[in-house]
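Number of protein chains: 2
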Amino acid sequence: MCQLLGMNANTPTDVMFSFTGLATRADEHKDGFGIAFFEGRGLRHFVDHHSARVSPLAELVKRYPIKSDNVIAHIRKATQGRVALENTHPFQRELWGRYWVFAHNGNLVDFHPQLHAAFKPVGDTDSERAFCWLMQELAKAHCAVPTIEELSRTLAELTPRLNRHGTFNMLLSNGEALWAHGSTKLHYLLRRHPFGQAQLADEDLSIDFAQHTTHQDRVAVIATEPLTSNEDWVAFQPGELKVFVGGALFAA
Amino acid sequence: MCQLLGMNANTPTDVMFSFTGLATRADEHKDGFGIAFFEGRGLRHFVDHHSARVSPLAELVKRYPIKSDNVIAHIRKATQGRVALENTHPFQRELWGRYWVFAHNGNLVDFHPQLHAAFKPVGDTDSERAFCWLMQELAKAHCAVPTIEELSRTLAELTPRLNRHGTFNMLLSNGEALWAHGSTKLHYLLRRHPFGQAQLADEDLSIDFAQHTTHQDRVAVIATEPLTSNEDWVAFQPGELKVFVGGALFAA
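Top line first, the protein sequences correspond to chains S and W.
According to numbering that gives the first Met the number 0, the first sequence holds residues 0 to 251 in order.
According to numbering that gives the first Met the number 0, the second sequence holds residues 0 to 251 in order.
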C-alpha cells in the first residue's frame, strides 16, 4: 500500500519531521516518491523513481527546511503503471490560473472515463486518470473560479463516483485548501496551542513543537497511518471527504 | 538579462558541467533559478526563488547526475513580475498527454492576449502569458497530436507574433524535441564524435567529453552566451527558430 502525507497550515511550516517519519516506511515502498510544496500560488514539485530511503532528493527534503502552507507527499508501491517518473505521484495540473496537486493511494478497477477536455494523462496509472477526470469535471461544473465551499460541494459529488471503482484514499490541493478523501485508510491530526512533544512512531525521534511555534499556529497533518505515537489521530470514515483550510477543519 | 540553458541529446546525458557554468553567472541574476529535466515522458522540475549561487537545490543539481534527453534551465533577473516562486522559469503545462516546458529571456511590451482556453497564467510575468498563449494556439492549430515537423511549422508562424512585442529568446520542449527562438542573444553548439576537451568560459574548470561518451552520442547545447571558450558556438540570427532532435539540428 502506498503512503500518503498531507499538511495544511495557517503559517508556512516545514514538514521535515513528518517526512522523516514517512520515509522510514519506504522500505517496502521502493517504487518512487514525490512531494509538492505550495508557497502562496507557487509550487515546488519533487519526484524521484528511486525509493525515499536512498534518493538524494529525499535527503534534501529532510534537511532543507522548505516552509509551505500546503504539502502533499506520496511514497509509491506500484499497483497499476510501470515504475517510471511519469507515474510518480503527486501529479500536477493548472486550472483557473492555479496549480492543483493530487496524490492517490488505492486501486481503481475498470476506470476508463471519457477524457474529452483539456486534461490528459501523461503516464499510465489509474491515479492520474482519476486526477484528470476530477479536473475535467471541476472545470465543467464551474465557469469561473469557485469558492472553497462550492469546490467542496462539487468534490463531494465526484469522489463517490471514483470510490465505486475501488480504493480511493486521496489528497488534493490548490494551495488554498487541502481536500482529503478516505476510503479504507487515512488519518488526520490537528496541532494547535498548547503544542507539545511529538514522538515518531517508527523511529527514535521526537520534536518539541512548543519551541518552534507561536500561540496562533495551526497545523493539520493527514497521513495513511498515524505518524506519531503520542498524539490524537482521527481515522477517516469510509467515503468521508474532509476539507482543511488554515490548519483547521473547514465546515463546508 | 536572464540566462537560458537548453540541452537536447540522443542519449540521456547530465548537464552538471554546463549548469555549473551557468550558475557562475548567477551573481547578477539573483531573482531565482529553475531547471526541468525530461526523462522519457516524465519530468523533474526544480524551481527556487533564491540565487543559483546559494540555493541548496542548485547545489543538488550540480552534484546529482540526473540523466536526461531534454533539459531547460533559466536564471532569472526580474523585469516584469515580482520575485516569487510562481514567477520562476521554466514554466510547465500539459498538452495532448505530454508535459511542455518553457523558459524565456527578454521583455514583451503590451502583450495581453486573449487567453480564452485551458491555459491561464498562475504568476504575473509576460513570459508565462506568452507560454499560455503558445499552448493555446498550438492546441487550436492541431486537433490531434502533430508531428515534430507540423509543430515546428506552427511555431514558426507563432513566434514572430511574440517577437513583435519585444525581446523573445526562448526555449520550449515536450521531451521529444527542443525548440529555440533567438531574438537578440542565443547561441548553440553541437557536440559529437570526436569529442574533446571543453573549458568553461567563466570558471577554471574543464572536462574531457571523450572519456564520458561513445561514438554514437550527440548533444546540442543552447545558451544565452557561449559557456565554453574553446568550442564552436553558433549565434542565432534575429528571429531564427531552430529545432533540435536527438542532439542534432532537425530540418523542418
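No wet-lab data here; the hints were simulated from the structure.
Among the hints, erroneous ones may be present.
Put simply, identical chains are the same to the list, so a pair is met inside one copy or across any two.
Stated by the list, open to error - Result set (EDC-like, lysine to aspartate or glutamate): computed pairs, CA atoms no more than 20 angstroms apart in a straight line:
(1) Lys119 to Glu38
(2) Lys66 to Glu239
(3) Lys61 to Glu38
(4) Lys119 to Glu175
(5) Lys119 to Glu136
(6) Lys66 to Glu148
(7) Lys241 to Glu136
(8) Lys241 to Asp109
(9) Lys61 to Asp231
For each hint, the structure was consulted:
1. Lys119 to Glu38: between (26 angstroms within a copy, 18 angstroms between copies)
2. Lys66 to Glu239: This pair counts as neither: shortest intra-copy Cα distance 28 angstroms, inter-copy 42 angstroms.
3. Lys61 to Glu38: Result: close within a single copy only, 18 angstroms intra versus 24 angstroms inter.
4. Lys119 to Glu175: between (24 angstroms within a copy, 17 angstroms between copies)
5. Lys119 to Glu136: both (13 angstroms within a copy, 17 angstroms between copies)
6. Lys66 to Glu148: neither (26 angstroms within a copy, 44 angstroms between copies)
7. Lys241 to Glu136: within (19 angstroms within a copy, 38 angstroms between copies)
8. Lys241 to Asp109: neither (26 angstroms within a copy, 43 angstroms between copies)
9. Lys61 to Asp231: So Lys61 and Asp231 fail the 20 angstroms test inside a copy (24 angstroms) and across (42 angstroms) alike.
The earlier numbered hints that this structure contradicts are 2, 6, 8, 9.
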